[in-house]
Structure formats: structure tokens, C-alpha cells
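As they're listed, the protein sequences go chains A and B.
First residue of the first sequence: 104, per my numbering; consecutive thereafter.
First residue of the second sequence: 104, per my numbering; consecutive thereafter.
Keep in mind the hints are simulated off the structure, nothing from the lab.
Computed from a prediction, not measured in an experiment: that's the story for all the values here.
Errors might be hidden in some of the hints.
Stated by the list, open to error - Subject to a maximum C-alpha distance of 20 Å in a straight line, what follows is the list of computed EDC-like cross-link-like pairs (lysine to aspartate or glutamate):
id: 1; chain 1: A; residue 1: Lys519; chain 2: B; residue 2: Glu448
id: 2; chain 1: B; residue 1: Lys425; chain 2: A; residue 2: Glu506
id: 3; chain 1: A; residue 1: Lys424; chain 2: B; residue 2: Glu502
id: 4; chain 1: A; residue 1: Lys424; chain 2: B; residue 2: Glu512
id: 5; chain 1: B; residue 1: Lys424; chain 2: A; residue 2: Glu506
id: 6; chain 1: A; residue 1: Lys427; chain 2: B; residue 2: Glu502
id: 7; chain 1: B; residue 1: Lys519; chain 2: A; residue 2: Glu448
id: 8; chain 1: A; residue 1: Lys425; chain 2: B; residue 2: Glu512
id: 9; chain 1: B; residue 1: Lys318; chain 2: B; residue 2: Asp344
id: 10; chain 1: B; residue 1: Lys625; chain 2: B; residue 2: Asp213
id: 11; chain 1: A; residue 1: Lys519; chain 2: B; residue 2: Glu455
id: 12; chain 1: A; residue 1: Lys486; chain 2: A; residue 2: Glu506
id: 13; chain 1: B; residue 1: Lys424; chain 2: A; residue 2: Glu512
id: 14; chain 1: A; residue 1: Lys427; chain 2: B; residue 2: Glu301
id: 15; chain 1: A; residue 1: Lys318; chain 2: B; residue 2: Glu301
id: 16; chain 1: B; residue 1: Lys425; chain 2: A; residue 2: Glu512
id: 17; chain 1: A; residue 1: Lys424; chain 2: B; residue 2: Glu506
id: 18; chain 1: A; residue 1: Lys425; chain 2: B; residue 2: Glu502
2 protein chains.
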Amino acid sequence: MNEIKIVPLGGVGSVTKNMYVYEYGNELLVVDCGIGFPEEYMYGVDLLIPDVTYLQKRLAEGARIVGLCLTHGHDDHIAALPYVLPMLNAEFPIYGSRLTAAFAKARMADQDYMREVQEYPEQPLHLGSFSIEAISVTHSVPDTRHLVITTPAGILYHGSDFKFDMTPIIGERSEFDKIAEAGNRGILCALVDCLRVERGSWSASEAVIRGTLEKAIRECPGKFIVTLMSSNLHRIQQTVDVAAEHDRKVVFVGRSVEQNVRIAQELGLLNIPKGMYVQKKHIQDYKDEELCVIIAGSQGQPGSSLVRAVYGEHPIINVSKKDKIVFSTEPIPGNEPNVYSTIDEISRNGVEVLYSDIEDNLHVSGHAGEAEQQLLISLLKPKYLFPIGGADRHRVAFEHMAEDLGFSEQQVLLPKLGQIVEFIDRVARLGDTLSLKELMVDGLRIGDVGNIVLADRKKMAEEGMVVVIVPERGGMLYPMETYVVSRGFVFMKNADEIVDLIKETTQSLVNGHRDMGEGELKREIEKNLGERA
Amino acid sequence: MNEIKIVPLGGVGSVTKNMYVYEYGNELLVVDCGIGFPEEYMYGVDLLIPDVTYLQKRLAEGARIVGLCLTHGHDDHIAALPYVLPMLNAEFPIYGSRLTAAFAKARMADQDYMREVQEYPEQPLHLGSFSIEAISVTHSVPDTRHLVITTPAGILYHGSDFKFDMTPIIGERSEFDKIAEAGNRGILCALVDCLRVERGSWSASEAVIRGTLEKAIRECPGKFIVTLMSSNLHRIQQTVDVAAEHDRKVVFVGRSVEQNVRIAQELGLLNIPKGMYVQKKHIQDYKDEELCVIIAGSQGQPGSSLVRAVYGEHPIINVSKKDKIVFSTEPIPGNEPNVYSTIDEISRNGVEVLYSDIEDNLHVSGHAGEAEQQLLISLLKPKYLFPIGGADRHRVAFEHMAEDLGFSEQQVLLPKLGQIVEFIDRVARLGDTLSLKELMVDGLRIGDVGNIVLADRKKMAEEGMVVVIVPERGGMLYPMETYVVSRGFVFMKNADEIVDLIKETTQSLVNGHRDMGEGELKREIEKNLGERA
Chain A
104 MNEIKIVPLG
114 GVGSVTKNMY
124 VYEYGNELLV
134 VDCGIGFPEE
144 YMYGVDLLIP
154 DVTYLQKRLA
164 EGARIVGLCL
174 THGHDDHIAA
184 LPYVLPMLNA
194 EFPIYGSRLT
204 AAFAKARMAD
214 QDYMREVQEY
224 PEQPLHLGSF
234 SIEAISVTHS
244 VPDTRHLVIT
254 TPAGILYHGS
264 DFKFDMTPII
274 GERSEFDKIA
284 EAGNRGILCA
294 LVDCLRVERG
304 SWSASEAVIR
314 GTLEKAIREC
324 PGKFIVTLMS
334 SNLHRIQQTV
344 DVAAEHDRKV
354 VFVGRSVEQN
364 VRIAQELGLL
374 NIPKGMYVQK
384 KHIQDYKDEE
394 LCVIIAGSQG
404 QPGSSLVRAV
414 YGEHPIINVS
424 KKDKIVFSTE
434 PIPGNEPNVY
444 STIDEISRNG
454 VEVLYSDIED
464 NLHVSGHAGE
474 AEQQLLISLL
484 KPKYLFPIGG
494 ADRHRVAFEH
504 MAEDLGFSEQ
514 QVLLPKLGQI
524 VEFIDRVARL
534 GDTLSLKELM
544 VDGLRIGDVG
554 NIVLADRKKM
564 AEEGMVVVIV
574 PERGGMLYPM
584 ETYVVSRGFV
594 FMKNADEIVD
604 LIKETTQSLV
614 NGHRDMGEGE
624 LKREIEKNLG
634 ERA
Chain B
104 MNEIKIVPLG
114 GVGSVTKNMY
124 VYEYGNELLV
134 VDCGIGFPEE
144 YMYGVDLLIP
154 DVTYLQKRLA
164 EGARIVGLCL
174 THGHDDHIAA
184 LPYVLPMLNA
194 EFPIYGSRLT
204 AAFAKARMAD
214 QDYMREVQEY
224 PEQPLHLGSF
234 SIEAISVTHS
244 VPDTRHLVIT
254 TPAGILYHGS
264 DFKFDMTPII
274 GERSEFDKIA
284 EAGNRGILCA
294 LVDCLRVERG
304 SWSASEAVIR
314 GTLEKAIREC
324 PGKFIVTLMS
334 SNLHRIQQTV
344 DVAAEHDRKV
354 VFVGRSVEQN
364 VRIAQELGLL
374 NIPKGMYVQK
384 KHIQDYKDEE
394 LCVIIAGSQG
404 QPGSSLVRAV
414 YGEHPIINVS
424 KKDKIVFSTE
434 PIPGNEPNVY
444 STIDEISRNG
454 VEVLYSDIED
464 NLHVSGHAGE
474 AEQQLLISLL
484 KPKYLFPIGG
494 ADRHRVAFEH
504 MAEDLGFSEQ
514 QVLLPKLGQI
524 VEFIDRVARL
534 GDTLSLKELM
544 VDGLRIGDVG
554 NIVLADRKKM
564 AEEGMVVVIV
574 PERGGMLYPM
584 ETYVVSRGFV
594 FMKNADEIVD
604 LIKETTQSLV
614 NGHRDMGEGE
624 LKREIEKNLG
634 ERA
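Kindly generate the complete structure, drawing on both the sequences and the hints.
Have a look at this one:
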């Protein structure tokens, strides 16, 4: 049989929610299983997960999943595992690099779910008719892999998120020799990270950050506070190195930073000199000028450690006028208001703050620029190209770039999300398009929240509401002060009884469940009020 | 009396909602009266206006407003006039440049309000004890002015939004000689637009856009479609010029673009060659390759002409695969998701699109970079500096820049919003801070929506709602299909009667008011449902 299919369940036409199925006969190989982030109009949605109805259907038809391979440890490639795996009533092995496997297990544990994740073996991995070779490449999270997927119907190259960093901090340079060797074997189709195709250049190395941090730490009479993406261990290592040179202890603050650092240390990926690490609860034992604080919240997320510290609401970390705060990151599009309002608050407080609008080389991208994409393509010499991991504008720009390299329009595959790419006798065609639902997780449940309900939420947000509020002061809830607020909610005058019922129910629930966490209590109140109504 | 005060009612610590009061004894001179734009958390708020309680109080105390001077025609400097003027029970003249006056009158007419706006005279304007000289400077909207405000207690320079464009398209270069002459008279305090202080360089001239448009129009087999900020007449003129050279007719689409072009033409500021202008309703009489379309919607605003055209929902303008769309603008921070989703849709449709991530010189800032601010300061040689029109991070960066120029910390005034700056015997001090309310206009009313209600709106947006929806298809309302949606709204089961009442009321209102505009009808339904309840 000379036929292989690629089914994109996520990651096509968007940057996140990556999940691809390689299908040979009745054998399914899954690559990645990531979450997506809600669009602005998705009010109240926490995250999105891939719709795996197609996999369920194929399993019911007798197909089997031979394995699931992870490329790297970013949430948009691994964090849907605890939501999606329980939906697949099937046994299969899961593989990743050491760090990716550890991050994946942490994400599952966060949701009280667990499955084993094995490390890629040295030798090619044989899963059914597939043979998989994991090639090490550089990216903003270390231990990233590309996959050479050999099938009886052709060799496919899964080139998701990468850059060619010639001076990576953690790990080695990308395995160019293995990429070239795969290219010489003849690649039928290469899937390539196209996100940064708009930038003509070669992305700068992580190593350039070092000089910027070095310059910044020199004149800092107080705490040197650095905020960054918590999975960027290269940057955490460089911050630690700079702190060590300037005789500062290092303190990690924020759940994601602390978790990732712990994992990376267990794997020996981070090098923190002995005696340099200070637990955040012992921070008072040191003078400000002896400390370097690496803190989560670089996107200015409300409730993040950095934002709470900046607004004086963090139980442990305060920010004083002698401190210096460095944003070693850039706002993800759409996050600008959160990031800039945090920077403004820091400025207002008279604290020095460095960010990329006023200081160069505070951030570099983890993704290949056009030049690196061209090098990958030149090494692989594939028959077909399939840009992934970018929005539609990036895919179209990639197509133009590929045409400059001599590829014809027919050789650049631009399927819709869910559209099956079929290779029959080494000739590609775009097949049927699966109807994929936007599966949303909103804290309460997983489901297809749907366009009408989302549009309604927006409308309501803008024009009216009724909401139950239990006041909190200093960590204590005051249910006797519960109030029911309405605004633009037109028939509230008739609803006195209902308001009273809401208040009473809420009061008794809060009083009866003082031990519950905020989220759990909220769900309990929602559930009960729903039942009482 | 040797005392003058500056009272910032808006524009301090933020870019928008500009309004300043210069106070000499019982004489008040007001400069600008602009709207602000709601923050992300201000669900359902359309715009913000300055809180003029202080002016009302001073009027009641016997003070008088001697006049209101406008600096330029951007909405954040003029568009609050129809909301604020009715709140001030006082007669006083309003002044602006020709274009600013015309834009201001248009903004008032939009709200069915009218007051005369006079043009600045050639000679200094005497208003009470104030003498005001309007100096012409360049900015993204033509006919912009800085103000030299001479009082018995000192000379103040109101240097709001500007750049020093050496090759402006409409109008002349800035009046450097007059600025220098004012400087030689001795400036007590200069208020300076600090927005772009983070950029070390001199902002590029509007003229650089011409080459980019020239290159883009050359290979365009269909309509050449340019979207831009509708008040940037320099750029509209350049687009017209390029279209003229390539024998294309020009069509203006979108309320703001059409209104501004009409006003500019009446004033002789735009030069559109005879026979080149085509009304949009006659667009079908021309071939695509004969047309250049200048269209509103450059921020990807939902409902804008560009967005409707791109999604095939515009009654007149369609976009075909041969067309080319040029975004001669950059996303305002926070608007990225709207802008990029529009660009993605264009790419998906196979239409060529140019935007600043892939093409240089599609946009230049209208604000002075650090170098231009330094030149203005060098010409004025003021005793004090007062950065305006920027966020707090910009004000702090400006302070650092001024220190590099030799100013001491005491010479750079950074009042809070509402904090009165007092100059007594030519010595500045920061005085009392007015408690200013966030006055919000939300389509229904003007008021202090307040933090609690806004926080509640957010909560509701994320967790539940009830909303009345009247379906619309093809411009027709279908009230018989009115539905009342609830989500997370816990006591809906008991509310059948109320739902029926809502539906009936809505139906009869819609049927009885088919002639009403959407906003008016919405208000009518809201009002009536409120009364019936």
C-alpha cells in the first residue's frame, strides 16, 4: 500500500493547539497534544483543546494508535494530554525527550491524571509500520526534537517549533548532520515551523541576552528582578550565571517558574552553584543587594507573582525603589495592555524597569527566521512543503518564500484546519476536511461552548448582568455581606425572592465549606444555586 | 499677583482624554477637550470623557472661563466637546486652527450639539489676562498648533502632540523661528509630548510612505485598497497622488474617511485632480484595475468598512483575488488581535496584503522621537519641563532624558492626574490632587460606571448572562424570533413568565419602530423592558 495521510487536528492556521495524526492504513501515529489559548471573544474560556472525534471514530473502526510522539515541552504541544488522553479509550506508548517527558508528566499531574511518557531511544523507534528518528534541534525550551517519520509510503519530516541557534545555552547545536542525512534519503514532505517567516533574517541566539543582563545587573543597588517565560531554561540559566558572577543569591518565585526549575534541576539541565539557591520563604535573611529574583508574570497576567509583587500584594516579595525589574520577554500580541500597565505601575513607583521598547537584546525569538527555514528546506530537499505553527498570513508568506526557492504552488501544501493531506504513490492531494469543534475548557467543564453562547457572553459583558458576590478581605470570605448585583438586567425589580434565595444559599454554602479552595467553592455555589433554582 | 496654576484634568499618565486648565486668579483658560478610550476591563464602555467637576466648582465660586483653545483635530483632543460643554454653564469662545475647528464642529454635530469654533487670529489672542500665540507644528493630522501662553506670572508653552517633519505633505514645516523666539522671551514651563521618548531617533517623515505606496501600486492587477487612520490627510493625499500617477480613480469608503475627506476638501487642504473622484455608489462603472479605494478600518475594528469588505459583508465593496490591500498603519497596542485576524482572513482568501511586519515604511509615527523632543527643549530653554501625552513609563523615560540635558529632578514636573501644578514667583510646586472620576459614556448614558460595576461586568462576562437577542439578516430585524438566552444564569427555570414578557415587549417595540436606527432602537427596548419589569 503506497498511501500515507496527515490529519491536522490543530496547529494549522494558528500557532497553538498543535496535534497531528500520521495515518498509514489502520495505524495512527499522533504527534503532539497541545492546548490553545482563547481568543478575545471567548469570554470566560480558560483554554482550548484539540477535537479528537476523528481519532475516536477511527479507533471504533478498528484502527489503532501505535504511539504518541511529543516534539517539545511547550504547553501548546503537551498540555492537552490530561484532557485528551481520557477521551481515547486506547493503550499506546507516549514518547518525548527527557525534559519534554518531565514537563508532560507535570502537566498531567496538575490535572490529577497520569500516564507514562518514555524517552526516545538512541536508535530509531519502531511503532507499527512507522520508524521514528528524533533529531535534536534548538528552541526556546531545551531538549526539542524534530521527527523523521519513515513509512512504507515515504519519509516525512515533522519540523515543528525550532530555530538554529549556533550558541545555545543548554544543550548542543541542532543535529545538522542528521537533518542532511535524512534529506539524502529523500523526504516526501517536510512540515516546517513558519511562524517567523515574515522576518527575513536569522533569529538571534539566546546568548545575546547575557550581555544585556550583565550590563543591567552592574548598577542595581537593590534586588535584581528578572521576569521571563518560565520554560525558557536557557534564559533562566543565563540569569543565574550573571547573578553568580555578581555574588547574588537566586530566588525563584511563581508556580510555573518554580516547577520548571525543579524539574530542570532534577534532570541536571540547570547549573545552580552550590549555596546560591535561596528558598523564597528565606528571602528576609538576605539584603536586597544580595538577591536576584527570577519571577513569573512576564506577560503582566493579573494574579501572577510579578503583578502581585508590583502592586504590593505579594505575601513574600516586595519591590523597593532600589530594585531593578527586567522584562526579558516581549508581549505576546494581545497582551500589550497587561504588560504595559504593569510597566507603568513600576514606573509610577519610582522603580527602574527595563523592557524591550527602551533596551535592545532583552528578548530573542525561539523560532526560525526566514533564513533558517530556508536552510532547513535546503538540507531536506523535500518534494512537498507543509508550513505549520503559523497563522494564515504566515503560511501565505511561507508559500511565497518557497516559490523563491523554486517550489511550485502545487508543492506547498496549505490545507485547512482538519483537512486531510493524502500522499498516494508519492503524490499529494488535499482531501476531505473534518468538521472540528472548538473544544473549550472553562474551569467548570469541557465542551463546545459554541459561537452563539460566546457571542451572547460578549453582548452581556457589554450590556448587562446579574452576579453573586461574596466579599473577601484579607483572605477571609464574608458571606453575610453577599450581594447580588444587576446592571442592565431589566427585570430585577420582580426578583426579590430569588435574590433572597441566592443570598441565603450562598451564605450557608460558604459557611459550610470554609476549607474549600476558591475555585472549588465557586463551583459548589454555582452548582447548588443551579439546583435550588 | 505672581501665581499661575496648571490643572491637568486629562492627558497626564495616559495618551488620551487630553484636557488642561491654566488658571490665573479667577481666570481659567482651557486647552483641549478630548475623549479617552476604554481599557480592556471596561466592558461595554464606548468612551471616556474628562471629569470637569473642578471647573464647575470654580465657576460657582465666581471664576470665569476666558476661552477654550484646541491644539489639533484628533478625537483625544476634541471629541469630548459635545459631552463636556453642556456640563459647563458658561459662555466662552472656542478657538482652533481651520481644520481643527472644522473637525471639532463635525464631532459636535455627530452628537446633535453645536457651538461656534473660531479660527486663531494672525496676531496673539487676548483672553482675559492671557495672551495666546498659536504656533504651527507638524503632526499626523495637519494644521496642528502649539500654544505660547503668556501670563503676568510667566510664559508657558503647551507643546502637545507634534513631530518635526521636514517634508510634510500638507502644510509647511513647523515654525521653528517662532518657537526659538518664544524661547528667547523666557519660558517658565514647557509641556512636551513625551509619547515616543523611548525611541532614541528622529521620527521618519510622512513622505517616506510615498515610495512604499508607489512600489505597491505598480503590480496590482485589481483594486488598490489602502486602509489608514482617517485623520491622516498627509497619507490620504499621498495615496491620491500615487493613484493619479497610475491613472486610477479614487473612492473613499467608511464614515470617518468620507467625513474627513469632505471637510479637508472644503478647506482646500486635499488636492484631488478633477474627474478622479468616484462616489462609492458608482464603483461598478469602473474596472477593478482602474480603482484605488481608501477605506476605514485600519485597526481591524469589527463592523468597520474594511472588515465588512474582507468578510464579503459590505454592500458595495467586494475584495477579489486580483486586489491588493495595504495597511498603511500599525496596530495600536491592544488592537493586534483584530488587526491580525483581518490580515489572516485576507491571506486565506488568496488576496495580497501588505502590512508592517512584512514591508518597511508602511507607517511612520506622528509623534516626536527623543531627538525632536530634545530639539524643542533646546529651542525653548524652559525653566521647568512637564511631559504630557504619555503613559507613566514614558514620563519617567522623559525625566531621564531631561536629566541628560542638564535638568535637575526638581525641574521635571510629574504631577499625578488631577494634581495641580502651581508656579508662585516662578517657582513650581506640586499641589493638591483633585479626585477625578472616570466618566464613561456607554451609549445609554454618561456616568461614573465605577470599579465595582465594571468588575461585576467582567465576572458576568466570564461566568454567565441573560440577554435579549433580536435576529437580523440582511439588514432586517426578525422580532418574532427574539430569544432570551441565559448561560450560567442560575434561576432561569423559574423565569418563564418573565421571558415571555421580554419577548412580547421586544416584538411590539421592534415592529412599532422600524424606522429607528440600531442604537436608538436598542435604547428604546432597554428603556421599555426596564419600565415593564
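Outcome of the hint check:
As the CA atoms of A/Lys519 and B/Glu448 are separated by approximately 12 Å, the hinted pair is consistent with the 20 Å bound. Taking the CA atoms of B/Lys425 and A/Glu506, the gap is near 19 Å; set against the 20 Å cutoff, the hint holds. At most 20 Å may separate the alpha-carbon atoms for a hinted pair to count; A/Lys424 and B/Glu502 meet this at roughly 16 Å. Pair hint A/Lys424 plus B/Glu512 holds up; C-alpha atoms about 16 Å apart against a cutoff of 20 Å.
Of the pairs offered as hints, the one joining B/Lys424 and A/Glu506 holds, with about 18 Å between alpha carbons and a cut-off of 20 Å not exceeded. Between the alpha carbons of A/Lys427 and B/Glu502 the distance comes to roughly 17 Å, so the proposed pair stays at or under 20 Å and holds. About 12 Å separates the Cα atoms of B/Lys519 and A/Glu448, which keeps this hinted pair within 20 Å; it holds. For a cut-off of 20 Å, the pair hint linking A/Lys425 to B/Glu512 stands: about 17 Å separates their Cα positions.
Between the alpha carbons of B/Lys318 and B/Asp344 the distance comes to roughly 13 Å, so the proposed pair stays at or under 20 Å and holds. In summary, the hint linking B/Lys625 to B/Asp213 is supported, as the alpha carbons are separated by about 18 Å, within the 20 Å threshold. Simply put, A/Lys519 and B/Glu455 have alpha-carbon atoms about 18 Å apart, close enough for the 20 Å limit, and the pair holds. Annotation: proposed proximity of A/Lys486 to A/Glu506 holds, straight-line Cα distance about 13 Å (limit 20 Å).
Taken as a hint, the B/Lys424 and A/Glu512 pair is honoured in the structure, with Cα atoms around 16 Å apart against an allowance of 20 Å. The hinted pair formed by A/Lys427 and B/Glu301 meets the criterion: a straight-line CA distance of about 18 Å does not exceed 20 Å. Of the pairs offered as hints, the one joining A/Lys318 and B/Glu301 holds, with about 19 Å between alpha carbons and a cut-off of 20 Å not exceeded. Between B/Lys425 and A/Glu512 the CA atoms are separated by roughly 17 Å; this keeps the pair inside 20 Å, and the hint holds.
A distance of roughly 18 Å separates the Cα atoms of A/Lys424 and B/Glu506; the hinted pair therefore holds under the 20 Å criterion. A threshold of 20 Å between alpha carbons decides the hint, and for A/Lys425 with B/Glu502 the separation of about 17 Å falls inside it, so the pair holds.
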